[in-house]
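Fit chain D to the known structure of chain R by using the hints.
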Amino acid sequence: MAAGLALVAGDESRAAKIHQLPNGLGERWRVPAPPSPTLSELFSVHPRDGGWAGFLLAQVAADKPLLWVQDRMAILESGRIHPPGLATRDLIHVEARDARDALWAMEEGVRCSCLSAVVGELWGDPKALDFIATRRLAVASERSGTPCWLVRLGGQVNLSGARMRWQVASAPSLLNDLDPRSPGLPAWDLELFRARGHPPGRWSIAHEADRFHLVAESGDRTLGEERQLRA
Amino acid sequence: MPNLAIERWAKSASFAPDAPVVLTLEGPHGPIVHAVTKAAAERGARVGARLTDARALDPALTAIPGDPAADGALVERLAQWAGRWSPLVEVDGDPSRLPGTGGLRLDVTGVAHLFGGEPGLVRDIRHRFAKTGLTSRVAIAPTAAAAWALSRHAPCICGPDVAARVAPLHVSALQLDPGIVRTLERLGLKTVAALIGVPRLALARRFRGAEDVVEAFDRALGRKPEPLTAIGTDPPPRALLKLEEPATHPEAASQALERLIPAFVRELEDRRLGARRLSLTGYRVDGSVAVASVATAIPSREPRHLQRLLADKAATLNPEFGFDAFALSAEWTEDLGAAQESLVEEPSGTRELARLVDRLTVKLGPRAVQRPQAVESYLPERASGWISALAKTEPVALPSAQRPQRLLDRPEAIDVIYATPEGMPRRFMWRRAIHDIARVEGPERIAPEWWRQPSSARLRDYYRVEDADGRRYWIYREGLIGDGRGGLPAWFIHGLFG
Numbered sequence: 001m002a003a004g005l006a007l008v009a010g011d012e013s014r015a016a017k018i019h020q021l022p023n024g025l026g027e028r029w030r031v032p033a034p035p036s037p038t039l040s041e042l043f044s045v046h047p048r049d050g051g052w053a054g055f056l057l058a059q060v061a062a063d064k065p066l067l068w069v070q071d072r073m074a075i076l077e078s079g080r081i082h083p084p085g086l087a088t089r090d091l092i093h094v095e096a097r098d099a100r101d102a103l104w105a106m107e108e109g110v111r112c113s114c115l116s117a118v119v120g121e122l123w124g125d126p127k128a129l130d131f132i133a134t135r136r137l138a139v140a141s142e143r144s145g146t147p148c149w150l151v152r153l154g155g156q157v158n159l160s161g162a163r164m165r166w167q168v169a170s171a172p173s174l175l176n177d178l179d180p181r182s183p184g185l186p187a188w189d190l191e192l193f194r195a196r197g198h199p200p201g202r203w204s205i206a207h208e209a210d211r212f213h214l215v216a217e218s219g220d221r222t223l224g225e226e227r228q229l230r231a
Numbered sequence: 232m233p234n235l236a237i238e239r240w241a242k243s244a245s246f247a248p249d250a251p252v253v254l255t256l257e258g259p260h261g262p263i264v265h266a267v268t269k270a271a272a273e274r275g276a277r278v279g280a281r282l283t284d285a286r287a288l289d290p291a292l293t294a295i296p297g298d299p300a301a302d303g304a305l306v307e308r309l310a311q312w313a314g315r316w317s318p319l320v321e322v323d324g325d326p327s328r329l330p331g332t333g334g335l336r337l338d339v340t341g342v343a344h345l346f347g348g349e350p351g352l353v354r355d356i357r358h359r360f361a362k363t364g365l366t367s368r369v370a371i372a373p374t375a376a377a378a379w380a381l382s383r384h385a386p387c388i389c390g391p392d393v394a395a396r397v398a399p400l401h402v403s404a405l406q407l408d409p410g411i412v413r414t415l416e417r418l419g420l421k422t423v424a425a426l427i428g429v430p431r432l433a434l435a436r437r438f439r440g441a442e443d444v445v446e447a448f449d450r451a452l453g454r455k456p457e458p459l460t461a462i463g464t465d466p467p468p469r470a471l472l473k474l475e476e477p478a479t480h481p482e483a484a485s486q487a488l489e490r491l492i493p494a495f496v497r498e499l500e501d502r503r504l505g506a507r508r509l510s511l512t513g514y515r516v517d518g519s520v521a522v523a524s525v526a527t528a529i530p531s532r533e534p535r536h537l538q539r540l541l542a543d544k545a546a547t548l549n550p551e552f553g554f555d556a557f558a559l560s561a562e563w564t565e566d567l568g569a570a571q572e573s574l575v576e577e578p579s580g581t582r583e584l585a586r587l588v589d590r591l592t593v594k595l596g597p598r599a600v601q602r603p604q605a606v607e608s609y610l611p612e613r614a615s616g617w618i619s620a621l622a623k624t625e626p627v628a629l630p631s632a633q634r635p636q637r638l639l640d641r642p643e644a645i646d647v648i649y650a651t652p653e654g655m656p657r658r659f660m661w662r663r664a665i666h667d668i669a670r671v672e673g674p675e676r677i678a679p680e681w682w683r684q685p686s687s688a689r690l691r692d693y694y695r696v697e698d699a700d701g702r703r704y705w706i707y708r709e710g711l712i713g714d715g716r717g718g719l720p721a722w723f724i725h726g727l728f729g
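Here the protein sequences come in this chain order: R and D.
Note that the numbering used here numbers the first sequence so that position 85 is 85, with each residue one more than the last.
Take the position in the second sequence, starting the count at 1, then add 231; the result is the number in the numbering used here.
Just chain R, same shape as in the assembly (with noise of 0.2 Å):
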C-alpha cells in the first residue's frame, strides 16, 4: 500500500494540479482509509464487470490468510474466485448457499484476528442484509481489527452500517507500451459516495505493481452533472 497522502482528487481535483507522467498516469494517489480496519462496502457499477476485485485485491496485506465468502449466486453469475490470478495464494473460500450462510461466516471470519481481510460477496439485494447485519459486521471488524470488503454485485445502495463505501467500475486501461491494440493497466472509475471521516469523492485510477495513480486524462473533469449518490 501506498504510504503518505500524495493528492486528493475528486470533488477538490479541480483544484490539484495534475502531474503528466511519461505513461500517462498522473499523481500518485493515497486510497482514503479509515483510520482503523473496519467495513467497507463495494458495489460494482455493472454485476458482471469483475474489474473491483482488482481495486479490492491491491489494498490487502499478503501476510496472513484471506477469506473469501461468496454466496451461490454470486459465483453463478460472475464466477469463482481464480487463486492463480490472485497475488495470494494464501486463502480460504467458502461456498455459502445463500446470503445468510455467507453473512454468518463473515461475522465468524471477522471476529478472528488471524486474516488478513474477510471479503464477502452477495448478490442481488437479499433479505438478510439489513442494516443490522452490516453493524455487526462493522462493530465485529472494528473489535477485532480485521478489515472486512462486503461487496455487492447487482445490489441496490440501501441503509448499511458500513463506514467506507465504494461504487466502482473498471475503466479503460491505460495505453500498452509494446502493443497499443492490447489491454495495458487495468484502471478504475471509483465513487466514495459515503465514508465516515473522509470527503466524498470520485477518482479514475490505475493501479501500477504497489501504488494507485490518478488517471491523468479523467483527473480534472467537470463534477457537477455527475449524478451524487447517497446513502
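A portion of the hints provided could be inaccurate.
[As the list claims (entries may be wrong)] Subject to a maximum C-alpha distance of 30 Å in a straight line, what follows is the list of computed DSS-like cross-link-like pairs (lysine-lysine):
1. 127(R) / 421(D)
2. 127(R) / 544(D)
3. 473(D) / 421(D)
4. 421(D) / 594(D)
5. 623(D) / 544(D)
6. 269(D) / 64(R)
7. 269(D) / 421(D)
8. 473(D) / 594(D)
9. 544(D) / 362(D)
10. 623(D) / 594(D)
11. 64(R) / 473(D)
12. 544(D) / 421(D)
Calculated directly from the structure, the hints in this document are not laboratory data.
Okay, now just chain D, sitting in the frame of chain R:
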C-alpha cells in the same frame, strides 16, 4: 440370538401371536424352513426341514419368505448398539448368508465392574435385549470359542476352568464342519469330553486336510489365541454416560455432551492425544443408535472448542423413544503434546485459524469450505483445484501467465464475430448483452491434455479482451476450422479480469 429372524418378523407383522407361521428360504430343492414360531414348532415344524415336509405334518402352516439381508442389517445395528457395553464388538458369523448364526461377540475385559460384575452385566444384556423383543443367550468365557459354544448350548458365566464347562457339550459346539461332526458322531465321540480322551496325534491324523479338529479344540480351551477382528491395540479415547431413565427431552444430547466433555478431555490429556474426528453416540432404548460426528482441522482437546463444534449437531439427534446412554469417542486422533498457547489469553494465529475452519466446516459442510490446491496443468479449470480446508495443501509450481481473478465454474458459450479462420475477435454477446471489443491480446494456445482427455478434445485459443467500457474478460475459441474434431469452432467465455 437364536430366534432373531422370527422375532424380527413378529415385530413388523400383524399375525396373531399363536399363529403357526414359518419363514422360508429358497433351497436347492425347494423352500426350506428357516425360522418357526412357537405354535409352528409345537406342530412339528423344524428349522432346516423342507417346507413340503413341514406342510405334510401340518397343512395349516403359513409360509412366508424370510429376509436374511434384513436380519443381517439388524444384527449390524445391534452390534453398534452393543457398543454401550464394550468398545470392542464383533458380529459373529454372517446372518445374511448363514441363517441362524447371528451373534455378537463383545470383549468385556475390564468392563464388567461398570455393570455390577459379570452376573450384573449378563443380567443387563439379557434385560435390554428382552425389552427390544429379542431373545438372547449370553455366556461369558475366558476364550471366544468357549463363549460361542456355551452361549449356544449352555448359557452361563464360565470361570477359569474352561475344560470342565465345555466337556459335557456336544461336539458341534466346537464350531466344526457339519461333515466332521457327523464323522465324530459315527465314531462315538459325541461330547467334547470324549474328544479330550483321544490322543491328539490320532485326531490330527484322522482329520488331516479338513478343518483341524485339534485346532478347534485348542481354541475353545484357550491354548491357541483367537483375537476378535475388531480388536485395536489402542482403544480409541471414549467417555460413557449412562442415564438412570431414558431421556426423551430434545435437549438431552446437548446436556449429555456437557457432562461427557470433561471426562473425555481428561482422557485425551492423559494419553497426550488430540481429536481429529469425534462422534457423540446416543444409544436408544429400542436398540438403535444416533450418531453426530465432526472433524477438526488440527488435533484439539480444548473443551470449549470441542463442545462448540458438537453442540449444534448434538441438538439434532432425535431421541425417538428415548436415549439411555451416551458415548463420546474420537475415531481419529493425533499426538498432541502438552502445550501452552501463550502467557496471556491470546490464541496463536494457526490455532485460531484452524478453529475458524472447524466452525465453518461444521456449519456449512466440508465441501463449502475450501483452500486452493494448485494442480500441475495448463488447463485453467484444472490448475485451480480446491480441496477441503481441513486437508493439508502441497505447494505446486504453476506456469506463470496472466490469469483472471475470477473463473466461471463452467465456460459459457458466447456468440463472437471474429476474423475467420484464426483472427482476433471483434464483438461478442454474453448473456444477451453485446460487448464491442476495444482491445484484445492473444491468442494463448492451450492444447488438450491428450493423456487424459478423449481424442476428440479440441485445443483452446485464449484471448484477453477489453470491451468499450473497459471491462476485461477472458474468452477462448475451442478448436480450429478443419482440425477434424468437430464442426466450426465454438467460442466460450471463461473468466473475468479485475
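Next item on the list: Starting from the hint list further up, note which numbers the structure goes against and sort them upward.
Entry: As far as the earlier hints go, 1, 3, 4, 6, 11, 12 are violated by this structure, in ascending order.
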